[in-house]
Amino acid sequence: MEKNRLLSDKLVTTLAYVFIGCFAVACLYPLLLTVSVSFSSEQAIARNGYSIFPQDATLDTYTYIFVNSGTKILQSYGVTIFVTVAGTIGALLITSMMAFAISIRKLRYRNVLAFISNFTIIFSAGLIPWYMVSVNYYGLKNSIWALIVPSIFNVWNMFLMRTYFNAISPSLYEAAEIDGANHFTVFWKIALPLSKTPLLTVGLMYALQYWNDWWHALIFINDKELFPLQYYLYNILSNVNAISSGRIPSGASGNITLPAETVKMAVTVITIGPIIFLYPFIQRYFVQGIMTGAVKE
Amino acid sequence: MRSAANETPAPAPARKKNGFFRELKKHHILYLMSVPGLIVLLMFSYIPFSGVWMAFTDFNVVDGIFGSPFVGLDNFKYFFSSGSMGWRVTYNTLFINFFGIIFGILFPVAIAVFLNEIRSAAFKKLTQSMMFFPYFLSWVVVGAIIYGIFSSDVGVANNMLALFGMEPISWYSEPKYWKAIVIAANVWKWSGYSSIVYMAAMVNFDQSLYESAKVDGANKMQQILRLTIPMLKPTIIVLTLLNVGRIFYGDFGMIYGIVGNNPVLGDAVTVIDTYVYQSMRTLGFSYATAVGLMQSVLGLILVLAANRAAKKINDGEGLF
Chain A
5 MEKNRLLSDK
15 LVTTLAYVFI
25 GCFAVACLYP
35 LLLTVSVSFS
45 SEQAIARNGY
55 SIFPQDATLD
65 TYTYIFVNSG
75 TKILQSYGVT
85 IFVTVAGTIG
95 ALLITSMMAF
105 AISIRKLRYR
115 NVLAFISNFT
125 IIFSAGLIPW
135 YMVSVNYYGL
145 KNSIWALIVP
155 SIFNVWNMFL
165 MRTYFNAISP
175 SLYEAAEIDG
185 ANHFTVFWKI
195 ALPLSKTPLL
205 TVGLMYALQY
215 WNDWWHALIF
225 INDKELFPLQ
235 YYLYNILSNV
245 NAISSGRIPS
255 GASGNITLPA
265 ETVKMAVTVI
275 TIGPIIFLYP
285 FIQRYFVQGI
295 MTGAVKE
Chain B
2 MRSAANETPA
12 PAPARKKNGF
22 FRELKKHHIL
32 YLMSVPGLIV
42 LLMFSYIPFS
52 GVWMAFTDFN
62 VVDGIFGSPF
72 VGLDNFKYFF
82 SSGSMGWRVT
92 YNTLFINFFG
102 IIFGILFPVA
112 IAVFLNEIRS
122 AAFKKLTQSM
132 MFFPYFLSWV
142 VVGAIIYGIF
152 SSDVGVANNM
162 LALFGMEPIS
172 WYSEPKYWKA
182 IVIAANVWKW
192 SGYSSIVYMA
202 AMVNFDQSLY
212 ESAKVDGANK
222 MQQILRLTIP
232 MLKPTIIVLT
242 LLNVGRIFYG
252 DFGMIYGIVG
262 NNPVLGDAVT
272 VIDTYVYQSM
282 RTLGFSYATA
292 VGLMQSVLGL
302 ILVLAANRAA
312 KKINDGEGLF
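Chains A and B, in that order, are what the protein sequence lines are.
Reading the first sequence from the start, the letters are residues 5 to 301 in this note's numbering.
Reading the second sequence from the start, the letters are residues 2 to 321 in this note's numbering.
Mixed in with the good hints there might be a few duds.
If the Cβ cut is set under 8 Å, some of the chain A residues that face chain B in the computed set are [to be verified]: (1) 27; (2) 34; (3) 157; (4) 169; (5) 268.
Please keep in mind that the hints were generated in silico from the structure rather than gathered at the bench.
Each residue gets a CB set at the ideal place from its N, CA and C atoms; glycine is no exception.
Taking the hints into account, I'd like the entire structure generated from these sequences.
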């Protein structure tokens with residue numbers, strides 16, 4: 005009996021290690037593949053196909069991208085960095101201010117504000133009316149603001165921040181108010197410094213959203229100078245897709261120079277960008293922020 | 002109704018109005034602080050509602066939104082007529098979301114439960130970091146990775162098939178595989194992230210229950226099935242309902258990032274969201290608005306139903 009139990013427990017533990025190990029490898033493998041191909045020589049890839057180890061390891065592809073066609077990709081990089089920095093700062097400010105206001109229990113109409121916010125989650129006018137007003141009234145076609153403004157306020161993130169502000173004791177605020185501080189001072193000097201985890205978590209979420217966004221570029225941007233990185237990559241890939249699906253006859257595709265396999269994967273690696281280096285450091289805070297946020301929910 | 006009105010003291014409305022302005026004055030800084038957020042909501046969520054009228058017209062640029070001829074429900078009728086893609090895209094959306102939801106629960110729960118059984122802290126940390134990584138990638142990058150796996154001449158999948166002596170498959174011209182690929186990609190991208198919520202819930206579980214189960218001779222499998230899973234159930238239900246509420250919405254970024262505007266695969270993976278975008282360019286603004294409006298209304302009904310269900314199951318605590 006005892007022996008059986010030990011055996012079945014061991015089986016469960018082994019299963020746990022195998023499952024987690026396999027899934028983790030499956031998550032990282034494609035990425036290693038991409039990186040490895042970007043460091044391989046084009047001929048070796050054409051001969052053997054993709055593989056997890058670099059074949060004839062070389063930096064040629066990166067030299068080619070940055071030296072020969074450098075301006076285009078650097079311009080896209082600039083657009084993406086500007087959008088990410090400006091967007092994240094703006095979004096954090098707008099989101100945390102409203103979250104703070106709603107978290108104050110003395111505020112009589114805070115439920116009205118919360119309802120106005122919630123309603124936009126559950127019901128929307130749809131893509132086309134949204135697109136029409138954005139283009140016709142706000143002039144977002146081919147404007148860099150089209151990549152920033154529409155996603156500068158996320159209601160989910162606002163409610164996540166409110167959960168954290170709610171946990172701060174109101175007596176802290178009252179003490180400051182007696183000393184003559186107004187609500188904004190209280191927000192700036194007390195609530196924000198006490199909320200580093202949620203600020204970091206929500207800030208990362210916004211930064212990631214801006215860094216990875218290409219959809220707004222797809223519908224608003226035609227001007228090549230305003231292409232963010234992700235959309236730049238999307239364009240490379242969708243041309244390739246069209247040809248490999250056989251939609252474009254092979255005779256015609258002879259006239260289009262396809263980017264080489266290694267170039268595609270190098271652009272992908274460049275597009276993933278700083279995340280790949282920052283990842284080990286930010287992951288911990290991210291998990292922490294989401295975990296505590298989820299528990300309080 | 003009338004008696005209730007009579008019971009309200011007469012001066013109430015006046016005092017309320019007075020109170021409204023006094024409240025604004027008293028907390029004006031707080032209200033000012035929410036103004037930027039409210040402006041964004043007004044601009045991108047509320048003002049667009051005026052454009053919904055287009056769904057009932059035959060929109061043309063010359064006459065504008067409110068001058069174009071009124072056609073009633075014609076646009077909606079066309080969606081379900083036999084010539085259009087209406088049924089097809091509805092089926093695709095529901096199919097991809099349904100299996101997305103099922104596997105999107107199975108994998109994260111399994112990850113959370115199994116990670117809990119692993120004693121080696123280093124292994125746990127390493128694997129968790131690896132599983133969390135796909136969350137950070139954009140759908141375009143995922144699309145590039147999928148291309149690396151399935152491209153017909155250099156892709157890994159065909160190399161593997163060749164290894165087993167099988168014929169290579171021209172994946173990008175075979176629609177039948179792509180629903181599965183899209184669902185798998187979704188699970189791959191989100192599982193590590195979603196498992197965090199379950200792990201957060203597990204931190205709060207009463208450890209003494211496990212102790213007494215052990216004393217009673219329960220093995221690990223029994224502990225998982227009889228303790229962990231039942232205690233995770235409320236979290237699972239709430240997250241499922243949240244997803245069911247959004248079952249009419251496809252992930253535009255996912256579909257376009259992975260398959261792009263590829264008409265060969267389009268039939269298999271076009272969901273309502275991508276269909277609206279394509280319709281805007283080919284079938285006109287009115288029709289695309291109508292499809293979007295229908296999606297929103299169905300979505301609203303489902304979200305409200307899901308919220309009510311969550312309240313019933315979750316001691317009055319709804320989804321929002």
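Evaluation of the provided hints:
1. 27: holds, 6 Å
2. 34: holds, 4 Å
3. 157: holds, 4 Å
4. 169: violated, 12 Å
5. 268: holds, 6 Å
When held up to the earlier numbered hints, the structure conflicts with hint 4 and nothing else.
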